[in-house]
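Chemist: Residue numbers (numbering that gives the first Met the number 0), protein chains in the order written: chain L, 0 to 472; chain A, 0 to 113.
Heads up, a few of these hints could be off.
Here are the simulated distance ranges between beta carbons [unchecked claim]:
| id | chain 1 | residue 1 | chain 2 | residue 2 | range |
| --- | --- | --- | --- | --- | --- |
| 1 | L | Asp23 | A | Pro96 | 53 to 59 Å |
| 2 | L | Lys250 | A | Lys69 | 42 to 48 Å |
| 3 | A | Phe91 | L | Thr76 | 30 to 36 Å |
| 4 | L | Asp2 | A | Ser37 | 18 to 24 Å |
| 5 | A | Gln99 | L | Ser426 | 40 to 46 Å |
| 6 | A | Ser38 | L | Ala52 | 41 to 47 Å |
| 7 | L | Lys422 | A | Gly86 | 24 to 30 Å |
| 8 | L | Ala52 | A | Val79 | 45 to 51 Å |
| 9 | L | Lys113 | A | Glu59 | 38 to 44 Å |
| 10 | L | Lys250 | A | Leu109 | 35 to 41 Å |
| 11 | A | Asn15 | L | Pro31 | 54 to 60 Å |
| 12 | A | Trp22 | L | Lys56 | 28 to 34 Å |
| 13 | L | Ala10 | A | Arg67 | 24 to 30 Å |
Rather than coming from a laboratory, the hints here were simulated on the basis of the structure. A virtual CB, placed ideally from N, CA and C, is assigned to each residue, including glycine.
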Amino acid sequence: MKDLSYEAVLARNNEIMSKAMGIDYGAFEISPLAFDYEGLMNKAGYFLEVVQAIQRKAGVGNTPLLELRNLTALVRTYARPGKGARILVKDEAANPSGSFKDRRASVSVYHAKKNGYPGVIAATSGNYGAAVASQAAMMGLKCIIVQEVYDSKRIGQPEIIEKTRKCEALGAEVVQLTVGPELFYLSLRLLEETGFFNASLYSPLGISGTETLGYEIATQVRERYGKEPAAVITTHAGGGNVTGTARGLLKAGCTNTSMVGVSVDLTGLHMASDIDFNRKSFTTGHTGFSVPFTTWPDRSDVPRSAARPLRYLDRYVTVTQGEVFYVTQALSEVEGMERGPAGNTSLAAALAIAAEYDQDDIIVVQETEYTGAGKHPMAQLNFAKSMGVEVRRGDPDDNVPGRVIVIPQRFEQLHVTEHSLDKLRWSYIRKAVENSGMSCLTNVEVKFLAGETRTSEDWVTGVLKELGVQLAL
Amino acid sequence: MNTKCKIGNREITMNNKCKLGNWVEIHQTILAPEERASSLPEETRSVPFEMWVKGYALEESEVGQNCRVKTITGRTVDGVLTEINPGYSHSFGPVIPELQSIGTELREELREVK
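All chains should be modelled from the sequences, with the hints used to inform the complete structure.
Modeler: Structure below.
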């Protein structure tokens with residue numbers, strides 16, 4: 000009988016992961032700091048044409064791209080003359096399990112089946128669980144979803160309870176846990192016990208599965224409007240959505256499209272806190288994921304995350320919880336599309352950003368998600384009120400995560416808060432150096448870091464010098 | 000012994016005893032507070048790390064007693080029986096007044112544009 004203590008299981012992490020994924024991550028390592036990212040994507044992921052074929056068979060993708068005429072008209076009422084881009088939305092809720100996550104799941108589950116795994120496991124409290132469950136059901140594999148659901152009083156966010164229900168409805172076993180990063184420990188135990196495939200959100204499979212989203216956007220916009228989108232607005236959490244979509248846009252030749260990442264601002268709420276857990280009114284798409292994952296992608300459940308947002312982001316902004324609830328209601332009542340709410344994070348930003356662009360420009364909100372009992376502004380705001388969070392109409396700037404949710408009074412109050420990418424790049428470089436344990440860096444690491452941060456070797460060298468890192472160039 | 004539970008306006012009588020093959024939920028403590036990571040915030044470190052799973056009862060038991068289950072993927076798991084025929088009661092709740100008037104406001108604005 001194997002030792003199942005916390006320390007013993009974590010000590011077997013590499014061995015367990017290697018069996019549960021079949022990817023030799025070590026083959027792509029170049030030095031303790033650098034690795035061959037494109038090599039990992041090309042050899043361990045799937046090519047676009049193959050992904051398209053897998054997804055066609057699974058009923059995933061080729062979702063409608065819809066024009067939001069009424070919301071565009073509202074933006075133009077307060078934008079400067081000639082401003083107010085046409086806003087389109089990629090209706091990803093039309094995927095079998097109701098979100099773009101089906102794209103990520105389809106490739107992982109296909110790969111697991113092809114390689115003879117009896118089942119798949121994913122650790123997620125988000126839409127990804129339902130996506131894996133749905134694809135596993137379709138392909139005849141067993142499925143376990145590990146979710147962080149409850150605080151220590153066994154109170155759970157209605158949004159996550161709904162995701163438990165949906166996964167169970169799709170035939171998956173759901174392991175419900177209380178708050179804490181030890182979820183990773185339990186996932187390892189389950190992988191070891193079952194011999195199932197680790198359908199990680201962060202594998203090259205999942206990321207290559209998302210490339211079709213960017214590719215379809217580029218193709219649909221070109222076919223219909225004869226141009227490239229000026230900007231694609233993407234909800235940003237773990238980085239996979241940004242990375243996959245941007246790679247797909249680039250594969251379609253959209254080199255001038257601005258890649259904008261958006262998160263809901265939950266600053267001040269601790270992600271591993273038993274108290275803060277139920278004071279969040281969003282369980283994904285927020286800064287609690289996006290900031291740590293952007294500045295250190297390899298904190299994920301795989302040795303090297305294939306989601307590396309700093310390689311692709313042109314701009315990073317945040318919006319408030321109240322603004323997302325407001326636009327969710329607006330999308331429903333003036334566009335006739337009841338979706339979200341978390342998936343509408345990018346829509347909230349798009350309504351502000353559209354005013355910066357010319358009227359003949361096109362900006363694309365790249366996802367929607369299904370909605371229903373629990374996973375709905377009504378359920379989430381009623382829950383927030385029951386947890387003592389104040390909900391009122393007013394100025395979104397008065398929003399305080401975990402204390403006050405301010406629903407904007409007027410459409411024109413919708414706005415974004417800019418975040419410096421350079422600051423995030425600095426933070427990433429500092430962590431990359433610290434975690435590598437290298438005391439002296441060479442051209443190899445500098446070149447890698449320039450690719451990782453989408454900057455130049457000169458810029459990286461400057462940062463490393465300011466950080467006091469020894470260089471042998 | 001039976002307990003009564005209210006779901007919406009309906010009062011449901013819940014059986015506390017499970018029979019072989021009933022669909023049930025069990026609970027297990029995975030890590031006691033002293034086994035949790037020291038880096039966690041105090042409020043998380045001071046409570047146990049807990050788990051709930053559902054499956055078919057492999058033995059007769061009653062709520063609060065041990066029960067072995069076979070999950071939907073075929074795993075056998077031991078734990079303390081918490082519920083028989085576990086379901087869902089999440090819903091929408093009352094209308095949110097702060098959201099209720101948004102549609103009317105925006106339709107009004109749109110009428111002015113057109």
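Chemist: Does each hint fit the structure? Answer for all of them.
Modeler: Structure-based check of each hint:
1. The beta-carbon spacing between L:Asp23 and A:Pro96, approximately 57 Å, falls within the hinted interval of 53 to 59 Å.
2. Range check, L:Lys250 to A:Lys69: Cβ separation about 46 Å, and the 42 to 48 Å hint holds.
3. Restraint check, A:Phe91 to L:Thr76: a C-beta distance of roughly 31 Å satisfies the suggested window 30 to 36 Å.
4. Our hint of 18 to 24 Å for L:Asp2 and A:Ser37 holds, since their Cβ atoms are close to 20 Å apart.
5. Under the hint 40 to 46 Å, the C-beta atoms of A:Gln99 and L:Ser426, about 42 Å apart, fit the expected range.
6. Between A:Ser38 and L:Ala52 the beta carbons are some 45 Å apart, a value that agrees with the proposed interval 41 to 47 Å.
7. Distance hint check for L:Lys422 and A:Gly86: the Cβ-Cβ separation is about 47 Å, which falls outside the suggested range of 24 to 30 Å.
8. At roughly 48 Å, the beta carbons of L:Ala52 and A:Val79 sit within the given window of 45 to 51 Å.
9. The supplied range of 38 to 44 Å is met by L:Lys113 and A:Glu59, whose beta-carbon atoms lie about 42 Å from each other.
10. In this structure the supplied range 35 to 41 Å holds for L:Lys250 paired with A:Leu109, their Cβ-Cβ distance being about 38 Å.
11. A:Asn15 and L:Pro31 have their C-beta atoms about 57 Å apart, which keeps the hinted 54 to 60 Å range intact.
12. For the pair A:Trp22 and L:Lys56, the supplied restraint of 28 to 34 Å holds, since their beta-carbon distance comes to about 33 Å.
13. Remark: the range hint 24 to 30 Å for L:Ala10 to A:Arg67 is upheld by a beta-carbon distance near 29 Å.
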